[in-house]
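A.B. asks: Turn these sequences into a full structure, and let the hints steer you where they fit.
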Amino acid sequence: MGKSQVEGATAVRAQDVSHALGLLSGEGVVPVLVDPACACVKDVASDAVVDAVLAKRNLGTTMDMAPIVVGVGPGFTAGVDCHAVVEIVRGHTLGRTHYEGSALSNTAVPGLVGGFAGGVLEAILHVGGTFSAR
Numbered sequence: 125m126g127k128s129q130v131e132g133a134t135a136v137r138a139q140d141v142s143h144a145l146g147l148l149s150g151e152g153v154v155p156v157l158v159d160p161a162c163a164c165v166k167d168v169a170s171d172a173v174v175d176a177v178l179a180k181r182n183l184g185t186t187m188d189m190a191p192i193v194v195g196v197g198p199g200f201t202a203g204v205d206c207h208a209v210v211e212i213v214r215g216h217t218l219g220r221t222h223y224e225g226s227a228l229s230n231t232a233v234p235g236l237v238g239g240f241a242g243g244v245l246e247a248i249l250h251v252g253g254t255f256s257a258r
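For what it's worth, our numbering labels the leading residue of the sequence shown as 125, then goes sequentially.
These are computed hints drawn from the structure, not numbers from a lab.
Keep in mind the model is a prediction, meaning the values are calculated, not measured.
Ideal Cβ placement from N, Cα and C applies to all residues, glycine included.
Treat each hint with caution, since some may be false.
As the list claims (entries may be wrong) - Pairwise CB distance ranges, derived in the manner of DEER restraints:
no.	residue 1	residue 2	range
1	201	127	35 to 45 Å
2	223	254	12 to 22 Å
3	250	188	38 to 48 Å
C.D. replies: See below:
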């Protein structure tokens with residue numbers, strides 16, 4: 125089971141919906157449930173759903189998933205498939221919340237991270253592979 129702490133908040137990877145609900149009932153942690161199909165929405169009466177997949181398009185999020193539904197990034201339209209959209213394009217609008225309309229379109233231009241943009245990632249180990257220190 126995965127566990128991580130950021131700024132005093134501890135997140136724990138939940139194995140399933142019942143485990144996530146159990147974590148909420150008093151352990152003082154934030155459960156993280158990996159659910160690419162978002163199938164858990166029907167089993168959890170959430171007050172809010174945040175789609176922060178960053179797929180640059182809506183993969184099936186709808187306003188009826190919870191009383192508050194937030195889409196992050198392009199592909200969402202407030203008032204159509206979510207209640208609010210959060211802007212992710214770098215610049216002066218980053219983090220802006222739209223209660224009408226959509227986020228800016230995907231520019232497909234990578235931004236600078238640590239002074240670098242784009243490039244080629246060469247894998248030296250496959251996902252799930254093992255390694256040892258030299």
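A.B. asks: Can you give the numbers of the hints that this structure goes against, from lowest to highest?
C.D. replies: When the structure is compared with the hints, only number 2 turns out to be violated.
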